[in-house]
Amino acid sequence: MARVYNWQIGREMSYWYPESRPRKQFAAVFDTNKCIACQTCTLACKTTWTSGKGQEYMLWNNVETKPYGSYPLAWDLNLLDMLNAGSWNGGRYTGQTIFESAPAGERVLSWRPASDDYAYPNVGEDDCAVGVDGGASFSLPHMAWFFYLARICNHCTYPACLASCPRGSIYKRPEDGIVLVDQGRCRGYQECVKGCPYKKVYFNPMTGTSEKCIACFPKMEMGLQPQCFVNCIGKIRMAGYISRPEQARPDNPIDYLVHVRKVALPLYPQLGLEPNVYYIPPLNVPIPFLRQMFGPGVEAALKVYRNADADLAGLLGLFGSTESVMTKWARRGDEVMGLDDSGRELVRVPMREPVFVRPWYDKANNVFRVNCP
Amino acid sequence: MSFASTARSAPLVSAFRRTIWLVVVAVLAAGASCRRPPAPTPEVLALTTEALPLDPADGAWQRAPEHVAPLLPQDLVEPKLSKPSTPAVRVRALASASQVAFRLEWIDAAADDLPGAGRFPDGCAVQLPRSASVDAPDPQMGESGRPVEIVYWRADWQATVDGRDDTIQALYPNATVDHYPFEARSLQPGSEAQRQMARRYAPADAAGNRRGGLRQSAVEDLVAEGPGTIAPAPSTTSRGRGVRTPNGWAVVLTRPLPNGLGPRGRTQIAFAIWEGSAQEAGARKMRTGWVGLSMREAP
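So the sequence lines, in the order shown, correspond to chains A and B. Residue numbers for the first sequence follow our numbering, so the first one is 1 and each next one is one higher. Residue numbers for the second sequence follow our numbering, so the first one is 1001 and each next one is one higher.
Looking at chain A on its own, in the form it has when it is part of the complex (with noise of 0.2 Å):
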């Protein structure tokens, strides 16, 4: 193995290749305060990229509520369970990846779900930590939570389903880092499914081969966002591309959140993939719970949210406001721009959306405009 460079875990670490980065990162940030498990994400997809055969059980979306939902079911627990997980010093973590943890005669740490691991999509759903009794009411902080977890492929820095392929079949693009299943060279052996500690790899069992997320890169390489992000009713997601650490720059919507004001963390950085869907955390949820899940940032990027300047509020509200990848953007007064390269600006925001008051009687016109009787 060798040795390669991990921001997210402040150290090095082993991995199968060496580390190679591509000339762009493909990256997404993820409100998940804002979801509210509509599913229209993991449909947009369904219908975009899966509707074929041997693809009805495919969720290269998918939203579950956790802490119980899980699709495929426990793919999170299962590999926690078996990780000689340690704990963090600062931003550095001291126990070992997936990649170091390794049992001889394999390639990474990691399990096989079954074919009934996948029959349960939405096992879980709005399920609370705690029971909730009657008479019961939310005061706060919530003694019973729950949050949405929407999830795609995080086209790791350092992918596992790639470090698992004995053959090479699958491959990151230098141009764009996406991570892709090569469909010519894949011969259905399933080690990526089995290798990725996300379970964001699946097998087709009418074509044989595996298949996963692409990051919708025929609309990315047009520079536009990927169906789960333009049709989330939510406005959830920004895409975008994400720098180094210390290339990062604040005029670039994903280094701003990830880099300069750290309010999105990637998910269970532990594993040592450098994951690049970042997460701002939930309100709301016991901190062991999201230090787990998002590692040692998770309390200051709250404090960061909770207390949104200007600047913050503002590029919050551009997620969702277009279509095309904004990657820059910039903030005069009460109006955000989403930019592209070249500066050239492709939407414009208001800090707050001007009020307009309908009123229920229609005096011009003598019509009542209340819906319901």
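Note that these hints are calculated values from the structure, not bench results. Warning: the hint list may mix true and false statements.
Part of the chain B face toward chain A, derived, beta carbon under 8 Å [to be verified]:
#, residue
1, A1117
2, G1118
3, I1168
4, A1198
Residues from chain B shown here face chain A by an in silico Cβ test under 8 Å; the list is partial [what the hints assert, rightly or not]:
#, residue
5, L1071
6, D1075
7, R1130
8, D1205
9, A1207
10, N1209
This structure is a prediction, so every number in the text was calculated from the model and none was measured. We put the beta carbon where it would ideally sit given N, CA and C, even for glycine.
Assemble the complex: chain A is given as a structure, and chain B must be docked to it using the hints.
This is chain B only, laid out in the frame that chain A set:
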């Protein structure tokens, strides 16, 4: 008049008795040969014959001596097979002027022929150097510049060839499907437009990588120049057929004679078995090193 009492009938009776004895001796001899087949040979001997049977149950296979090849877990490259499964494969071989056929038989209690997430089909393969040689390349999938040729059979492909439907319900009987895009009413059933629509949602198929779906053959010809390099041959000319035996599989694989392998020639061969129940696929397999393969004229 009794048959035995006539003087003229005495020689006939004697001839009849001799015939009976000859028949009895012949039957006993045949029985003895059934009870004691040719002893297993230290290498694979391919007996020359005119026609090569594709049916594993064809009696012609009994004429070929059997070689029992012990199997080892693939433990040289990751991912390795950590736990041994199939202990041995029994091999017989026949050859014609242009083809060589192998009959592989092994014990496998469960037939695994359903592909799926976490499900793996049983399989087997024979591997030969591209050119007949006693100085063969690395038995672990060959070497760079020194390719090996592989004939690969899979149980799920055999099930498809034997008539299993190309539907998700054939793999998961309780599956329900609302709608496939290629079933849209605007598309004429069986039309080219419908086929094109179906291929759009079958990316491997569209890329020409036929790993599943309807098949004409249960085997695939492959070439490799080292671990991780296996690739389909330009075309599959080999044939194969597998059937369940009372306690496992019997598979016949027929391929062209390797370059340079004449009527009394010798080369090397290797075997691999995948046990689906043990989740074996790709590098996770039971395999042999090189075993001698000699051509022999039938006695």
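So, going through the hints one by one against the coordinates:
no., hint, in the structure
1, A1117, "holds, 5 Å"
2, G1118, "holds, 4 Å"
3, I1168, "holds, 6 Å"
4, A1198, "holds, 7 Å"
5, L1071, "violated, 17 Å"
6, D1075, "holds, 7 Å"
7, R1130, "violated, 20 Å"
8, D1205, "holds, 6 Å"
9, A1207, "holds, 4 Å"
10, N1209, "holds, 5 Å"
Hints 5, 7 from the earlier list are contradicted by this structure; the remaining hints agree with it.
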